[in-house]
Structure formats: C-alpha cells, structure tokens
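Keeping their order, the protein sequence lines are chains H and X.
Here numbering that gives the first Met the number 0 is used: position 258 in the first sequence is 257, and no number is missing along the way.
Here numbering that gives the first Met the number 0 is used: position 24 in the second sequence is 23, and no number is missing along the way.
Where hints are given, some of them may not hold.
Facing chain H, a subset of chain X residues (Cβ under 8 angstroms, in silico) [unchecked claim]: (1) Ser30; (2) Phe31; (3) Gly163.
Derived BS3-like pairs (lysine-lysine); straight-line CA-CA distance at most 30 angstroms [to be verified]: (4) X:Lys35 x H:Lys70; (5) H:Lys70 x H:Lys102; (6) X:Lys4 x X:Lys145; (7) X:Lys35 x H:Lys251; (8) X:Lys207 x X:Lys306; (9) H:Lys251 x X:Lys207; (10) X:Lys207 x H:Lys94; (11) X:Lys306 x X:Lys4; (12) H:Lys102 x H:Lys90; (13) H:Lys251 x X:Lys306; (14) H:Lys251 x X:Lys145; (15) H:Lys70 x H:Lys94; (16) H:Lys70 x H:Lys90; (17) X:Lys85 x X:Lys35; (18) X:Lys134 x X:Lys145; (19) X:Lys145 x X:Lys306; (20) X:Lys85 x X:Lys145; (21) X:Lys207 x X:Lys134.
Worth flagging that the hints you see were computed from the coordinates, not collected in a lab.
Only a predicted model underlies this, so the values are computations on that prediction, with no experimental measurement involved.
A virtual CB, placed ideally from N, CA and C, is assigned to each residue, including glycine.
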Amino acid sequence: MEGTPAHRLYDAIKRVVGSYAFRVVVQGILTLWAVTTFTFVLIRQMPGNPIQIKIDQLMDQRQLSYDDALKSAAGLYDFDPDEPLIQQYVKYIGKLARGDLGKSILSAGTPVADQIRRYLPWTLFSVGSGLLISFTLGVLLGMSMAYWRGGLLDNTMTVVASIMYGVPDFVIALLLLLVAGVQLELFKVGDVLGGISQDVEAGFNVPYITSLVQHAGLPVLTYVWTTVGGWILTMKSSTISTLGEDYITVAKARGLPERRIVLAYVGRNAMLPLITRLAISIGFVVGGSVIIEFIFQYPGLGRLLYTAINGRDYTTMQGVFLVISAAVVVSNILADLVFGLLDPRVRVGGQK
Amino acid sequence: MSENKVVLSVRDLSVHYLTQRGALKAVSHASFDLHKGETLALMGESGCGKSTLNLALMRLLPGNARVPNGAIVYTRRDGSTIDVLKMNQDRLRRFRWSECAMVFQAALNSLNPVLRVRDMFYDTARAHGETNHHKVRRRALELFRKVRLDPERVFNAYPHELSGGMRQRVLIALGLLLDPQIVILDEPTTAVDILTQRTIIDVLLSIKDELNFSIIFISHDLSVAAEMADTVGTMYAGEIVELGPVNDMFYRPRHAYTLGLLEAIPRLSAGAEELTSIPGSPPDLVEPPSGCKFHIRCPFATDICAKETPPMEVVGDGHSAACWHADQVYARALQFTGAES
Numbered sequence: 000m001e002g003t004p005a006h007r008l009y010d011a012i013k014r015v016v017g018s019y020a021f022r023v024v025v026q027g028i029l030t031l032w033a034v035t036t037f038t039f040v041l042i043r044q045m046p047g048n049p050i051q052i053k054i055d056q057l058m059d060q061r062q063l064s065y066d067d068a069l070k071s072a073a074g075l076y077d078f079d080p081d082e083p084l085i086q087q088y089v090k091y092i093g094k095l096a097r098g099d100l101g102k103s104i105l106s107a108g109t110p111v112a113d114q115i116r117r118y119l120p121w122t123l124f125s126v127g128s129g130l131l132i133s134f135t136l137g138v139l140l141g142m143s144m145a146y147w148r149g150g151l152l153d154n155t156m157t158v159v160a161s162i163m164y165g166v167p168d169f170v171i172a173l174l175l176l177l178v179a180g181v182q183l184e185l186f187k188v189g190d191v192l193g194g195i196s197q198d199v200e201a202g203f204n205v206p207y208i209t210s211l212v213q214h215a216g217l218p219v220l221t222y223v224w225t226t227v228g229g230w231i232l233t234m235k236s237s238t239i240s241t242l243g244e245d246y247i248t249v250a251k252a253r254g255l256p257e258r259r260i261v262l263a264y265v266g267r268n269a270m271l272p273l274i275t276r277l278a279i280s281i282g283f284v285v286g287g288s289v290i291i292e293f294i295f296q297y298p299g300l301g302r303l304l305y306t307a308i309n310g311r312d313y314t315t316m317q318g319v320f321l322v323i324s325a326a327v328v329v330s331n332i333l334a335d336l337v338f339g340l341l342d343p344r345v346r347v348g349g350q351k
Numbered sequence: 000m001s002e003n004k005v006v007l008s009v010r011d012l013s014v015h016y017l018t019q020r021g022a023l024k025a026v027s028h029a030s031f032d033l034h035k036g037e038t039l040a041l042m043g044e045s046g047c048g049k050s051t052l053n054l055a056l057m058r059l060l061p062g063n064a065r066v067p068n069g070a071i072v073y074t075r076r077d078g079s080t081i082d083v084l085k086m087n088q089d090r091l092r093r094f095r096w097s098e099c100a101m102v103f104q105a106a107l108n109s110l111n112p113v114l115r116v117r118d119m120f121y122d123t124a125r126a127h128g129e130t131n132h133h134k135v136r137r138r139a140l141e142l143f144r145k146v147r148l149d150p151e152r153v154f155n156a157y158p159h160e161l162s163g164g165m166r167q168r169v170l171i172a173l174g175l176l177l178d179p180q181i182v183i184l185d186e187p188t189t190a191v192d193i194l195t196q197r198t199i200i201d202v203l204l205s206i207k208d209e210l211n212f213s214i215i216f217i218s219h220d221l222s223v224a225a226e227m228a229d230t231v232g233t234m235y236a237g238e239i240v241e242l243g244p245v246n247d248m249f250y251r252p253r254h255a256y257t258l259g260l261l262e263a264i265p266r267l268s269a270g271a272e273e274l275t276s277i278p279g280s281p282p283d284l285v286e287p288p289s290g291c292k293f294h295i296r297c298p299f300a301t302d303i304c305a306k307e308t309p310p311m312e313v314v315g316d317g318h319s320a321a322c323w324h325a326d327q328v329y330a331r332a333l334q335f336t337g338a339e340s
C-alpha cells in the first residue's frame, strides 16, 4: 500500500476532480462566465448608451440644447461612457465575484439585486403556472391521442395543436386583449393589466388571491396557448413509438391491468424524451416572456428587461441575463439528475 | 410425448390482417391439438404465419387483425374447457400468463427498461392476485437457479445490466412464474450466439422435464426443433400443411414443402453439392394462388395441384399431410434420408 501523505492527498484531489458533482459545477461556472462576458460586450455594441439616450430624451421633451442636456444627464447617472471597456469589465467581474450585481444606472442608487427580487416572483408565478398547466395538459392530451389514434380527438387536436403551435405569442396576446377585451367587452381591460389591483391589500386573503389570478390569467392563457401544442405533438409521437415496443405487448401478455401498463410501462417511457425539453423550459421561465409581459403590463422580469434595454441600463440588463442563464444552467443540471432517476440506463454518478 | 389429455385444441383457426389491398390471410384454417407435456414445434419460412398463429392463441394480435372463424379450446387443470376467443377482457387478462405464457422473439426488448427485474416479477404476480413479495421472491430465485442465473444479482438488476442470453432466461423464468400449463416460445434462440443457444435449450429441456408444461415452439432452426419437439408442424402460406411426430417428419415426410426444408439444411453425412434450396419466395397472402399454395415452387407439381386444394389426410400414426403427391415425396425422402420404411 502506498500510504504517503502526498499520495493520499493526490488521490483525494483526483477523486474530487473526477467526481460528477465537481465536473457539473465547474461546467456551470464556465458557462455563466462565458455568457456574462459575451453579454457584457454585446450590449455595449448596441447603438447609444444610457447617457446618450437620456440626452436625446431631455432634448426632445424639455427642448434643451445638447450641451445643457449633456450636463444634466451626466449629473443624473453614476456612469462614465468614456471609461475603457476592459476597465469596466474588470470592475464588473470583480464585483460579481463578491456577489454584487451593481446598481441600476437608470433608477440611480437601486441595487440590481433588489430590482430582480421585486420582479422575479411575478414572472415565476405567471410563467411557472403557465408551464405547469401547459405541460400537464400536453402530456395528458398527447397520450390520449396516441391511445385512440385516428379517433375524433386525435384528428381534431392534431390540427388544432399545429395551429396553436404556429401562431406567435404576441398575436395571441393582442387578439385576447383587443377582441375579447375591447370589442367583445368580455372583461374590463383596465382590470386585467398590471400585476395586481391597486386597492387590495397584500396578504393571504381572498380578494388578493382573486386579483392575483385575475391579472395573471391572460399572460398564463397566452403562454399555455402558444406552448401546449408543442407538448401535445411531442408526447403523442413519443407515446406512439412507446406503444410499439415489445415490452408493451409482453406486459399485455403477462395479464397486467391496463392502469399499470399505462402508468409504469407506457407513460414513464414516453415521458423520458420530454424531460430535457421541460428542463430547458423551466430555465426560460425565469426570463419570462418579454413581449407578453410588455403587452399585458405585467410587472415581471421580462418587462424589467424591456425597460432596461430601451434605456440602455447596462447593469440591469447584465443582472437579468445572468439570472436567466443561471436558471438555465441549474435546471439543466437538475434535468440530468431527474433523468437519471427516471431512466436507469443513463444513471449518472459513475459506480454502475 | 404422452397420450394423455389435450390442453389446447385449435380448430379451423383463421387470422386476417386488414390492409389497403384487402384482407391478408396470415393464417388459414389451422387445426392442431397440444397434449399435456408435449412440445409442438412449428417450422416454416419467415412470414408463413407462425408468429401470427401464436399471437392469436393469446389474443395479442394488433388492431387490424380479424379472426373470421375458428375455436381455441383450452382445458383447465380441473378439466373444464373454455374457448379463448369467447373470453371477456377480464377473464382474458387472468388467463394470460397464469395459464399460457409466452417468451417472445425479441427478448432484448421484452423487459421494461425503467423497471428492475424484481418489479416485473412483482407486477406479474400482483396482476394475478399474489401480493406477498416474499413468496414471489422465493419462487423467482428458485426459477433463476433453474435457468442457471445468479439469482440475487439478476433479481435486483435493471434489464440493461444483463446480457441478451441472460434476458432471454429471465423471460423464461418470468414465463414460468405462475406455473402455466402452456409456454409459447417464439424463436427463443435466434437473437443469441450459438453457445448461449445451447445453454437455453439445455435449460428448457431440463425444466420441462421437471415442471411438465406443454410447449409451442417456433424456430427457423430445424436442428433445434428436432431436439426439442415431440411433434412438428410445417406451415406454408398460413396453412399447417403437415403435422406429425418428430421422427416421421424428419425421416419420412409426406409433404413436398417439408422435404424442401429438410433438403435445405446441411447434413454431416452428405456432401455440400446435395444442398438444395426451395426456388422462388412465399406467395402473396392477399391473393393466394389457387389449389395447393405451394404448387408454384414445388418440383412434384402437376395439373391437379394448381386446380384443387389437397385435403389434410392421415398418412401414419398421428401424422397427416396435405399433398397430392405424398407418395412420391415419401419415396424421394427415403432416398434422401436413407431411412427405412
């Protein structure tokens, strides 16, 4: 036995470096760093900068001369557009390493982290429940369609799902708002825009929750409408190929009850290909849907991003992008682990 | 083979598949008896209806299949009989596997990849009313030992952790779990190498002696059929054209097609030049040829073969054949095999 301390230390290091968890974490950090750097450079390549945008606004709104506008704009923001890019980058990464996302440029003094904390729950709530509804509905419908293939449900839903899948979300959002809201007056447009009505008190009470659901209704509906088609069609084709597998015939030959075959033999195997897709979707839940949140004036992360992009609020944009990419990275790791639980053939962790 | 009671009696069974071009007559008017403890081997080319016939016995046919006529009479252990084709869904579900189990051709893909072997055993037992895991486990381990598997390891394994031959034996063990009277083996040895094939056949022979169930055996491999079977049936274009005891079938065949199959296998005693194959390919089953369906490819064929369907006639003890020229075939066979009449 080689038991020198140096050897043992070397072995320990080798074990840690070789372990799955270590690889995943390093990969995740590298991905985040690459995305951060890329967005950092990219957003600064957009025409204009925060000061420039503000100068344009001031000249436009208050009829100031360029010099006057420049002076007041520069005084408003803690941002120097003439600072070299590399210097800005080093400063930013340095702060980031200490967990500091910096301060918003537009809303001077507000930490970006606070902004994200304020907007994120809205997005998580609306897009999250949308995804949950969409996924559940899609899986159930897709499976039923595969089971009664060629039946009425299958034939109609295949067409409907393809159409739903093909129409862009902003068209649906505008249709809902203009046709159902303005023309048919099915609801008062003022009642559903925004995140919550002004007059209700936050807390765990009926009016608050009702108002919450009422306001989230249209964004969720739009999200479900545009995504459910994809789930339906994927689940249908996946179920059809699973139904053709020999182990399904064998399960029938073994006299298993239909319920058991549907759940453990068809359902579980047919769901496998959807897990990766679900993980990616969960990752993007955090980013919200910029256009939907803008149209419905929903106070989520997507709308924050929209405002930040318009005002060239670099720090806020970076913060939001970082959160989105972190969510995608984390949900992908989770997907790997869940996938391993569901499918023993790809179980990770090394041993067997 | 023992002359005792019949466990399965198939009478005039036909299976059609509905296709775009019309009804594909995959099995036509098949009749045979399976006795207790008997092994019946069905041989024939691919697409001759062997697998369809077996799926029909368990009513596992795909949705586009129809059974226009026939009866499948099963005799239970207590002596009562029942027609499988007339069972309702629940009865059928309980009949499957507990009375008649099936080991499929594609053993590699016959086990659910996301479940452990033990869960599939528990599932099967629970579906037939046995919820005591200890009992199921004890029985499974015993069967694993019989089929020469490492019991503990295999019981807790996932299918992908086992080799093809091991999975095949797991399926055989699973098939025997509920102590069925009949086990259908659909080409159990085609997907595995020659050594594993040997093991599986040895296992089958030994457990069959021990447990005394009946076997319906499908194989392309005539040597395997010869070794396993008591009775052999030859199928051509969906019909059972000859049926008889294994020695009669291999040494004194009466149907031109059976003889053709025998001549196509190499023999140690014969030179390579004596190997012949059957010319042509199996006929279209949507519009089958008139008369004897084999006449187009048959070296003995005469006018009558194209005009009239030969009846199934008894040609020996438990041996029957449907051929107009059974005598000529027999004479040629004696020459070929060197057997004595």
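Where does the structure disagree with the numbered hints, that is, which hint numbers, in rising order? Hints 1, 2, 3, 4, 8, 10, 11, 13, 19 and 20 contradicted; others consistent.
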